[in-house]
Every structure is written in C-alpha cells, then in structure tokens.
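J.: Sequential numbering of the sequence shown, starting at 51, is according to my numbering.
Among the clues, some could well be false.
Pairwise CB distance ranges (calculated) [to be verified]: (1) Ile103 to Arg76: 36 to 42 Å; (2) Glu101 to Gly74: 36 to 42 Å; (3) Asp78 to Asp52: 29 to 35 Å; (4) Asp78 to Val100: 28 to 34 Å.
Derived by calculation from the structure, the hints in this document are not laboratory data.
Where a beta carbon is used, it is the ideal one built from N, C-alpha and C, also for glycine.
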Amino acid sequence: MDQITQARQALSNIGYQINAIGVGGRLDPQQVKQALQSLANAVTALMAAVEQIEQRTKK
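Turn these sequences into a full structure, and let the hints steer you where they fit.
T.: This is how it looks when you write it as structure tokens:
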C-alpha cells in the first residue's frame, strides 16, 4: 500500500473517530485522546503522501 492510500485511510479513520466523540451525550477523554492520536497519524501520512507525489512529479 502506498503513502497516498495510507493517507486516505488515516483521514477516513479520523473522521469516524471525531464523529464518535460525544456519542451518548458525554465527552469521553479517552475518545478525545484517540481522535487526537489519529489526527497526528493522519498528518504524518499526509506528509508522506505529499513527499511521494513530489517524487513522482520530479521524474
């Protein structure tokens, strides 16, 4: 799986986790922590995808 596909999956995951925060009427700190970690992972994956795209366009 390439970095672009990984970035897409990471963004999808963070979307689901953000939507899950507060479900049930209360804010769960663990859900917030997991969503923030997923956001950090998505940013890392996006950076790798951008680097991959840059390498492809330099050729």
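J.: So which hints don't hold here, by number, going up?
T.: The structure conflicts with no hint, since it agrees with every one listed earlier.
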